[in-house]
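Put together the whole structure using the sequences plus the hints.
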Amino acid sequence: MSRLPIGVQDFRKLRTEGLAYVDKTEQVYNLMNLGQHIFFSRPRRFGKSLLISTLKEIFSGSKELFEGLWIEDKIDWKTYPVIHIDFNEMNYRELALEAEIARTLDENAERNGVELSSEDSKGKFRELFKQLAVDGEKVVVLVDEYDKALTDYLEDNERARENANILKNFYSVLKSQDKNIHFNFITGVSKYGKVSIFSDLNNLFDATMHDDLAALCGYTQEELQGYFSEELYKLCLKGSWGLDDLLQGIKLMYNGYSWDGRQKVYNPFSVLNFFNLGKFEHFWFATGTPTFLMKLMKEQQLASYELELLKTSGAILENNDLNNIGIQSLLFSTGYLTIKKEELKIGRTNYQLGFPNEEVRTAFMQYLLSTYIDRTADRLENDVISNLTDGIEHDDWELFFETINEKVFARAPYGILPKKESYVHSIIHMLMVLTGYEIHSEVQTRKGRMGSVLDTGDRILIFEFKIDRSAEEAVEQIKEMKYYEMYAHQEKPLTVVGVNFDTEKKEIDDYVVKNLDNSIPNM
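The numbers in UniProt numbering rise by one with no breaks, and the one at position 222 of the sequence shown is 222.
Just so you know, these hints were derived from the structure itself, not from any lab.
It is possible that some hints are incorrect.
Under the rule of at most 25 Å between Cα atoms (straight-line distance), these lysine to aspartate or glutamate pairs were calculated in the DMTMM-like manner [stated by the list, open to error]:
(1) Lys482 / Asp458
(2) Lys466 / Glu306
(3) Lys407 / Glu393
(4) Lys420 / Glu398
See the structure below:
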């Protein structure tokens, strides 16, 4: 059994040290044949650096590393000079970005057996091409995490603009060197449309959502079961799980990422760590704290339940302007939302976005709620969620609403309490997600949209929310719109809950709970 390659992004190391490698070389081959200049985006910890490393070995002619892999006999193993620029390795937080790029180019020159005399990064880049592209030789350029020096400073506009200008000057060399480039591949998390790499390089093809590359990064279901059968067997023994139950659990937690709305893949970082630890944890989410996203969520007042199913256009997904960051495109590019459905229309493509899986959904909601009420995740779990769960299970609504008032609304800064029904609704939606019950908000019916529907497994609860009105009025709306009709066929007890939030008191001051059981027609 091969060792798990946790945190290893070097293809040569994977192949020479007996680490597990899921063969993606057929998709790599498809990528190499898409064009000369390619941009490809994926979220962090999705294998972009391993992809770059794989391409580097292919273009360096390292055929021996690909023995037994799909691509072994599919290409001519020609050796090219490779310029590899990795922004992950640059210490631009302490040193100047310009100096770090220049240092990286000097390292590339040394690796290729040449020396550079220019002082600035743009001059070094030009000189490197001049020395490597001789006698008709062409160069391969591989850029890893091109946008990291921008994304790391999204909350520092001045530094972000300064770095953008440095990158604009640096990347302008690529346009003039087109005749000397065999293959130019650039990865990153976000495509910032106002950076000149995309405005000047009008021949750069964005392959992010190309159908042939949908499974290039991440594991498919077949790959998970085929390459990690021994790990699955060991976990079945360790946890006394049946294989079907284990696979369903892994799928629920870590599958669901899609860039075409059809092919779904697992997050490789989460899967590998799950196999290593044998416990369901928020592995991927824990590697990055989305503080800037939380800030944008509050500024743009995007309700949490809207993230469950968000409709948008392809143009919006590509609209990442450093001066005007779009929350939808940023949530998508960073991996917190993924494509659930693709709808092709004449003249445009529409997308339905949502959370990819339960790891991202629950962790994101937990972090967002913690941010809103200034409370750590563990205290939320101990003080809040357990009380809410007990309140629902035992029909103790006094405990349920007292907990929300005293431990949630009372702790929320007044400035984030707009006089909107959506705010109260959003907070309660996040709380319900964290209970682990199935929750749906803004559910469309024939006559309107109901607030929230909570399915505990053995009963259905329908919530409706009002602001500065009355809970009874909320119940009357459920009755008038007959929201309950959608769930009558499930033959589960039905409970309706009307809720009113008082904006002056900053609390839920009124609630009405009615257990319908089998009395729906006489409500």
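Comparing the hints with the structure gives:
no. : hint            : verdict
1   : Lys482 / Asp458 : holds, 21 Å
2   : Lys466 / Glu306 : holds, 18 Å
3   : Lys407 / Glu393 : holds, 19 Å
4   : Lys420 / Glu398 : holds, 24 Å
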